[in-house]
Amino acid sequence: MSDNVIAAGAETSLAQEKSRPLIKRRQYSFKRNNFVGYLFISPWLIGFFLFSLIPISASLALAFTNYDLLGGTLKFTRLENFDRMFYHDLRYWKSVRATLKYVFFAVPLRLIFALTVAVLLNTKRRAVYFYRAAYYAPSMVGGSVAVAVMWRQIFGAGGLVNTVTGADIRWFGDPKYALGTLVTLAVWQFGSPMLIFLAGLRQIPHELYEAAAIDGAGAAQRFRRITLPMLTPIIFFNLVMQTIQNFQQFTQAFIITGGNGRPLDRTLLYPLYLYRRAFVNYEMGYASAMSWVLLGTIACLTAVLFLSSRFWVFYQGDSK
Amino acid sequence: MSSLKNVQKAAVPFELSKRQKQFLKGLLYHVFVGLIGLGMVYPILWMVAASFKETSEIWTHVDSLIPQALHLENYSNGWKGIGGITFTTFYKNSFIYAGLGTLFQVSASAVVAYGFARVDFAGKRIWFTLMLGTLMLPDQVRMIPQYIVFDKLGWVNTFYPLLVPRLGGAPFFIFMIVQFIRGIPTELDEAALIDGCSKGGIFFRIILPQLKPAIITASIFSFYWTWDDFMTPFIYLTQPELHTVSVALRSFSDPASATDWGAIFAMSTLSLVPIFVIFIFFQRYLVEGIATTGLKG
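If you're matching them up, the sequences are chains A and B in order.
Going by the working numbering, the first sequence opens with residue 1169, and the numbers climb by one from there.
Going by the working numbering, the second sequence opens with residue 24, and the numbers climb by one from there.
Be aware that one or more of the hints could be misleading.
[Stated by the list, open to error] Selected chain A positions facing chain B (in silico; Cβ < 10 Å):
1. Val1204
2. Tyr1206
3. Trp1212
4. Val1285
5. Leu1289
6. Ala1302
7. Ala1305
8. Gly1311
9. Tyr1345
10. Ile1382
11. Ala1385
12. Tyr1438
13. Asn1449
14. Ile1466
15. Cys1468
16. Val1472
Hints were generated in silico from the structure; no laboratory data involved.
The beta-carbon is built from N, C-alpha and C at its ideal position, and this holds for glycine as well.
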């Protein structure tokens, strides 16, 4: 049954490439070879079972136990982990709050910067390659420990930011500012969505803008009526990817806060807390339960985004 | 009529010609975009500058990008590392992880991608969809059981947990290479098939040589993510002599004990050198890779 879909796909591509003789194509495409096919995908298939499917199932099972890797007796504890997480673990909720705040500020801000700069860089001016490199550079080094160390110092007590602005704020020490400062680091790295937006902008047919200009549309109107609607599929893609990624932010928060979510757990992002439960306290069962809540949250949010997409994402060929 | 035009022109003596307007617009653009661009790279330049400053100078001349004197000893002091283990060891470990890790991940991905793109077999669509689905999984769900098993196997403090999972390829690169293979015309495949070439032969003799750009792009990203990776080596390589550069940098810059900030910034700067070298030499592949496949960074 799944092969029908492939066959259908092959037929549409056949229809598209009329110049090619029919017989030849059929001879090539429709000769099935299960053995060879599975042989070629076997590295991934084996890896999928060993390193994805089995571990994920195992973590689901572990979520209902008290497994601790320290040799304590393994017990099936039913929903105890979840009960503890939701009703007794205050730190858990602090980490949830920090993560949601982080995601809800970092993702939109990142996308707004990415889109604005992409529009600015979408010209045929000469130095544009140079600028593109400059704007992408922070994202390229973004995940590294070096950059996290640097950010900590720049926002330190006697650091660059305080010196330049004349402020006297302990950016990462003050509970009021710590998470926001972490968000600035994320926003600074808008390079990848920017490049994706740039590619999308280049694909918008020029005739649309010309027609709008003839009709007397100003720059702002052209942006709102042409650029934005034409970009919605790419905005959607970036939104989904960024949401998934930002929920998993670990390295930067870990390096900057010393791994414990200082100050007052304001920067205790979910993956950070999960790491502490699993590898500092060795509460593998509890941490597994946490990881499944994370998976569920990401899955639900992605589903909501997909459902909402039919109301605001515009695909070419739609009558809307 | 023409006299009226002249009068109008004379009335506005400062009106700019079209060319002048264009020039001013361009100037404004470059000043604006250039200045923000400078702001973007400023923190990186700042760190590079700090790596040449004396530690006291880093904090007294905070905003200066030009060191008063080049303190190259920051680099030699930093290289001495921590606890008698020099950065030679850390770089060796990082190159083992990033080098072999990239080799395994990309070559496996190419083989798997060929299977998905050019061989027809039962259940192909289901497996392909499943593979794309794993892209959305947070790493945290796999991490714990994987750790437990690798721990039981006695693989903690070896490179096996870092390298063995990479022999299965990575969904992201598989997808990227599949897209690339789909763009290669099938005529050559067909000709080879008629000449009696096997599927494996077609892969090695016909597809692989044409995959060069895709493989370069995948290798760059694989290398650069592996080089930056902190979590995996941090969990599995706990002995100091097995630390990678990223893990070593963390202990080296520990705010509780660190004092020689010149050396810390020197080693931080040095850790970014492989990434920048790759960026400069392969910028074209990088940008195209991101733009066509929409990957993270």
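Report the numbers of all earlier hints that the structure fails to satisfy, in ascending order. Violated hints (numbers, rising): 9, 10, 11, 13, 15 and 16; every other hint is consistent with the structure.
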